[in-house]
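Engineer: Chain residues, written in single-letter form:
There are 2 protein chains.
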Amino acid sequence: MAWKSSEKIKWGILGCAAIAEKSLIPAFKKAQGTELVAIASRSAAKAQDWAEKFNLPKSYGSYEDLLADKEIEAVYIPLPNHLHFEWTVRALRAGKRVLCEKPLALTASEVMEMFHQAEANKRLLMEAFMYRFHPRLAKAIELLESGAIGEPRLVQSAFTFVFNREQDNYRRSPQMGGGALYDVGCYTVNAARLVFKAEPQEIWATGHLDDKAGIDLTTSVLCNFP
Amino acid sequence: MAWKSSEKIKWGILGCAAIAEKSLIPAFKKAQGTELVAIASRSAAKAQDWAEKFNLPKSYGSYEDLLADKEIEAVYIPLPNHLHFEWTVRALRAGKRVLCEKPLALTASEVMEMFHQAEANKRLLMEAFMYRFHPRLAKAIELLESGAIGEPRLVQSAFTFVFNREQDNYRRSPQMGGGALYDVGCYTVNAARLVFKAEPQEIWATGHLDDKAGIDLTTSVLCNFP
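First to last, the protein sequences are chains A and B.
Last residue of the first sequence? That's 226 in our numbering, and every number before it is there in order.
Last residue of the second sequence? That's 226 in our numbering, and every number before it is there in order.
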């Protein structure tokens with residue numbers, strides 16, 4: 001069905017994630033054309049708490065139940081990385097449009113399958129690289145395309161932060177898709193692809209592993225674009 | 001012979017290079033313990049011009065003649081990159097100490113041979129990475145070693161400038177050791193080695209070649225340090 005500017009897309013959220021609380025729910029509330037209808041959690045009580053806190057009409061004690069709600073047209077998935085594949089596919093099959101947090105999945109073949117499911121179910125799937133919609137970036141790309149700095153030859157991008165390495169953070173878990181590259185390194189690769197409008201032809205990478213946790217604390221990548 | 005603080009080392013310069021005129025000759029003039037005695041050029045007239053201009057006692061119309069001057073104890077070699085090997089070896093064999101511009105040579109085996117000659121002739125050989133003696137860098141290294149920023153994990157270094165690509169510049173000549181990596185990329189590799197006090201274990205590199213000249217205009221390198 002086509003979207004009219006007078007209509008509001010009805011959204012649901014899978015999981016009570018910090019990123020949803022800090023960033024997405026406030027943004028959904030401010031956005032035009034959007035109505036946040038429901039939130040789901042593995043804990044019905046927590047989902048209900050969040051629904052009250054953010055004034056959402058519905059809450060669900062399981063992700064399945066939210067996906068079964070026919071009123072909901074699109075879902076936002078802020079679950080830990082290793083759950084993106086499963087719940088994106090289930091949401092698409094339930095007829096939902098999906099906005100899934102980065103990184104979309106843990107392997108290229110999972111990503112291929114996710115987009116295959118999106119096509120098969122005729123539903124939009126999008127990876128949540130919010131930075132691409134920032135006015136500052138739009139201006140930078142506009143300047144690049146106007147030739148203001150000439151032909152881009154080199155993109156150097158870094159994303160770093162102080163990581164206090166608390167034991168219960170999903171970023172420390174290889175099973176949950178933790179580590180620097182999945183967490184924020186994907187932004188830097190994405191930024192280079194945005195500027196060159198192409199896929200890298202060759203990729204070299206080297207990193208420092210956290211011996212205990214088995215995840216990368218630092219990864220450095222060199223990509224060759226056409 | 002040992003150097004006493006009251007003595008002045010007598011220097012000669014091989015070649016009338018821009019870097020000598022702009023940077024090294026003024027620095028030699030200001031330095032204590034140093035006396036700039038002679039300059040050599042393939043053109044006797046040019047050497048004489050420079051000797052007058054910079055108030056140097058002697059000038060020579062060939063590099064050999066300067067090396068044959070027994071009074072000269074050390075030479076500075078600002079010749080184009082492809083001449084570093086030959087004239088460093090000849091200077092060492094003539095009993096001179098050598099300060100040679102970066103990059104020391106065009107291949108690792110040439111560099112090995114140059115240091116072999118330095119040892120065999122019991123003379124000091126040094127590559128002119130002037131930045132290492134800058135007070136700012138000394139302070140940065142002091143801070144690093146004091147643990148002020150913790151353990152260094154990543155060194156990101158870049159050296160760029162606008163290159164107007166004039167045809168007669170040695171930087172455009174593969175035969176003369178032109179190109180980005182030899183010209184200024186060597187600084188960035190040197191800086192990483194300085195911080196990690198080690199040699200890289202693995203190196204990946206990719207670059208953009210100037211199709212006409214056959215030199216690299218941009219080279220990006222990823223190194224893995226122990």
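Hints are computed from structural coordinates only; laboratory data are not their basis.
No experiment lies behind these values; they were computed from the predicted model shown.
Be careful, since some hints might not be right.
Each computed DSS-like pair below joins lysine-lysine, with the alpha-carbon atoms no more than 30 Å apart [what the hints assert, rightly or not]:
id	chain 1	residue 1	chain 2	residue 2
1	A	212	B	197
2	B	212	A	197
3	A	53	A	197
4	B	212	B	122
5	A	10	A	53
6	B	46	B	30
Engineer: Decide, hint by hint, whether the structure agrees.
Structural biologist: Here is what the structure says about each hint:
1. Only pairs whose Cα atoms come within 30 Å are accepted, and residue 212 of chain A paired with residue 197 of chain B is accepted, the gap being roughly 26 Å.
2. Note on residue 212 of chain B and residue 197 of chain A: the hinted pairing holds, with a Cα-Cα distance of about 26 Å set against a maximum of 30 Å.
3. A threshold of 30 Å between alpha carbons decides the hint, and for residue 53 of chain A with residue 197 of chain A the separation of about 41 Å lies outside it, so the pair is violated.
4. Our distance criterion of 30 Å between C-alpha atoms is broken by residue 212 of chain B and residue 122 of chain B, whose separation comes to about 43 Å.
5. Proximity of residue 10 of chain A to residue 53 of chain A is assessed by CA-CA distance (about 19 Å); at most 30 Å being required, the pair is judged to hold.
6. The suggested pairing of residue 46 of chain B with residue 30 of chain B holds, with an alpha-carbon distance near 23 Å, which does not exceed 30 Å.
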